[in-house]
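A.B. asks: Protein chains in written order, with this note's numbering: chain A, 1 to 132; chain Y, 1 to 132; chain W, 1 to 132; chain G, 1 to 132.
In case anyone wonders, no lab produced these hints; they're calculated from the structure.
Watch out, some of these pointers could steer you wrong.
[Stated by the list, open to error] As a list, the in silico BS3-like pairs of lysine-lysine whose alpha-carbon atoms are at most 25 Å apart:
| id | chain 1 | residue 1 | chain 2 | residue 2 |
| --- | --- | --- | --- | --- |
| 1 | A | Lys-10 | Y | Lys-25 |
| 2 | Y | Lys-101 | Y | Lys-10 |
| 3 | W | Lys-16 | G | Lys-16 |
| 4 | W | Lys-10 | G | Lys-10 |
| 5 | A | Lys-25 | Y | Lys-25 |
| 6 | G | Lys-25 | W | Lys-25 |
| 7 | G | Lys-10 | W | Lys-25 |
| 8 | G | Lys-10 | W | Lys-101 |
| 9 | A | Lys-25 | Y | Lys-10 |
| 10 | A | Lys-16 | Y | Lys-16 |
| 11 | G | Lys-25 | Y | Lys-101 |
| 12 | Y | Lys-16 | A | Lys-10 |
| 13 | W | Lys-10 | G | Lys-101 |
| 14 | A | Lys-10 | Y | Lys-101 |
Chain residues, written in single-letter form:
Protein chains: 4
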Amino acid sequence: MNITLAQAEKLVAAAKEKATAIDTKMNIAVVDAGANLVAFVRMDGAWLGSLDISIKKAKTARFFDMNTGIVGELSQPGGSLYNIEHSNGGLITFPGGIPVKNADGEIIGAIGVSGSSVENDHAVAGAGASAL
Amino acid sequence: MNITLAQAEKLVAAAKEKATAIDTKMNIAVVDAGANLVAFVRMDGAWLGSLDISIKKAKTARFFDMNTGIVGELSQPGGSLYNIEHSNGGLITFPGGIPVKNADGEIIGAIGVSGSSVENDHAVAGAGASAL
Amino acid sequence: MNITLAQAEKLVAAAKEKATAIDTKMNIAVVDAGANLVAFVRMDGAWLGSLDISIKKAKTARFFDMNTGIVGELSQPGGSLYNIEHSNGGLITFPGGIPVKNADGEIIGAIGVSGSSVENDHAVAGAGASAL
Amino acid sequence: MNITLAQAEKLVAAAKEKATAIDTKMNIAVVDAGANLVAFVRMDGAWLGSLDISIKKAKTARFFDMNTGIVGELSQPGGSLYNIEHSNGGLITFPGGIPVKNADGEIIGAIGVSGSSVENDHAVAGAGASAL
């Protein structure tokens with residue numbers, strides 16, 4: 001099972017709507033079950049540096065099938081996954097990446113959002129992830 | 001002058017429509033005047049390897065403000081730009097990347113398409129580039 | 001709006017003058033609104049390792065439109081942006097990078113300085129950023 | 001013996017003057033004897049993709065203490081240095097990079113220029129290299 005482009009575009013549209021509703025400018029990335037990019041948009045005026053971060057958040061969420069913030073709790077100094085960010089060409093492990101599931105609960109991809117506080121990033125990613 | 005997301009989405013939609021019309025599955029990337037990604041879609045079933053190629057084509061077209069195929073004519077063995085592909089983290093210099101201009105003729109970004117023959121890639125990129 | 005080379009050279013000259021005034025040897029980099037390098041100088045005897053750091057500071061300041069030191073406060077262990085440095089091919093998040101604005105307050109680029117203490121780096125970057 | 005910043009700035013100024021005289025927009029890079037960047041400028045409107053190329057030309061010229069075009073003659077298919085461009089993080093081996101010598105004929109650095117035809121690039125690099 002893999003996310004389709006039509007599904008990814010539905011996620012992006014829902015995330016954009018949420019981003020606008022809370023007055024933020026976001027980079028929004030959706031990857032498939034293979035952790036490869038399916039859709040991406042950068043809203044006008046969004047931080048340039050968040051382009052790469054949004055894609056890395058989406059990949060990180062699919063790499064480990066969990067919210068990026070959970071990985072980040074384990075990657076702190078002394079944590080069991082300390083500095084895991086060095087793997088896979090660079091992970092981003094703070095909130096804003098969320099796995100995407102189909103109606104059967106199977107993971108079919110992930111969404112990553114970056115451009116504001118991590119709370120806002122996570123909220124916008126959540127709006128996208130729950131759009132299916 | 002820089003391309004907006006709304007403009008980039010118009011380019012992507014036109015390119016997708018053309019890709020469907022000629023029965024191809026494409027990766028479509030749009031970068032801004034700074035050669036940074038603004039929008040991207042991968043059509044269902046499109047080659048995975050064309051993901052990176054479409055982005056590199058868009059960047060290459062903006063890097064030199066010309067169609068990627070023109071760079072490729074000059075980078076052949078014995079040509080004046082032989083092996084220019086080793087610069088900028090990797091260029092793609094066969095057809096499928098086209099600069100995008102606004103109504104005043106200023107370059108505001110570029111589109112890159114990959115997923116079929118270079119003729120088809122170029123045709124789909126052209127449909128996108130002329131959508132503004 | 002994008003910084004011009006003439007403006008970038010004015011920034012570099014002001015930063016060099018400040019570096020000399022406080023008896024330091026600096027690497028000084030200026031990027032444009034697209035985070036691409038516009039001007040760079042390495043003063044005689046400046047640390048070689050600071051070459052890349054000055055460029056990464058300038059890019060980081062433009063990537064997030066804030067002083068690099070602010071990013072660094074948030075990227076500490078336990079902070080909301082922990083290990084953000086793994087994005088964008090490597091960020092530098094300690095002081096010395098500052099966005100550059102035009103007379104209308106629009107960000108048109110950024111300056112990054114490295115070669116001494118972070119306090120001195122920041123002071124020299126500030127002398128550059130305020131030269132317009 | 002190593003090039004000084006004052007010398008590098010003299011090279012850059014001479015190269016800029018030549019670029020303007022022949023109506024071109026150039027990226028101009030100067031490296032020292034250690035092949036590390038000393039000075040760089042990107043003229044307004046110069047190709048973005050030539051930024052990296054100008055730096056790689058300067059490094060290539062110093063890496064092998066010869067004009068980049070000479071390396072390029074040897075790196076052609078069947079040539080003795082075929083595909084040498086894959087080394088050192090990417091070489092550029094077409095004309096536009098020239099070693100810089102002091103009054104005693106010792107190589108103290110190199111200049112790399114990119115932004116027009118390779119003939120123009122080489123002419124502008126030559127104007128810089130002979131400015132000492």
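A.B. asks: Hint by hint, say whether it matches the structure.
C.D. replies: How the hints compare with the structure:
| no. | hint | verdict |
| --- | --- | --- |
| 1 | A:Lys-10 to Y:Lys-25 | 19 Å, holds |
| 2 | Y:Lys-101 to Y:Lys-10 | 13 Å, holds |
| 3 | W:Lys-16 to G:Lys-16 | 20 Å, holds |
| 4 | W:Lys-10 to G:Lys-10 | 17 Å, holds |
| 5 | A:Lys-25 to Y:Lys-25 | 30 Å, violated |
| 6 | G:Lys-25 to W:Lys-25 | 30 Å, violated |
| 7 | G:Lys-10 to W:Lys-25 | 19 Å, holds |
| 8 | G:Lys-10 to W:Lys-101 | 29 Å, violated |
| 9 | A:Lys-25 to Y:Lys-10 | 19 Å, holds |
| 10 | A:Lys-16 to Y:Lys-16 | 20 Å, holds |
| 11 | G:Lys-25 to Y:Lys-101 | 20 Å, holds |
| 12 | Y:Lys-16 to A:Lys-10 | 16 Å, holds |
| 13 | W:Lys-10 to G:Lys-101 | 29 Å, violated |
| 14 | A:Lys-10 to Y:Lys-101 | 29 Å, violated |
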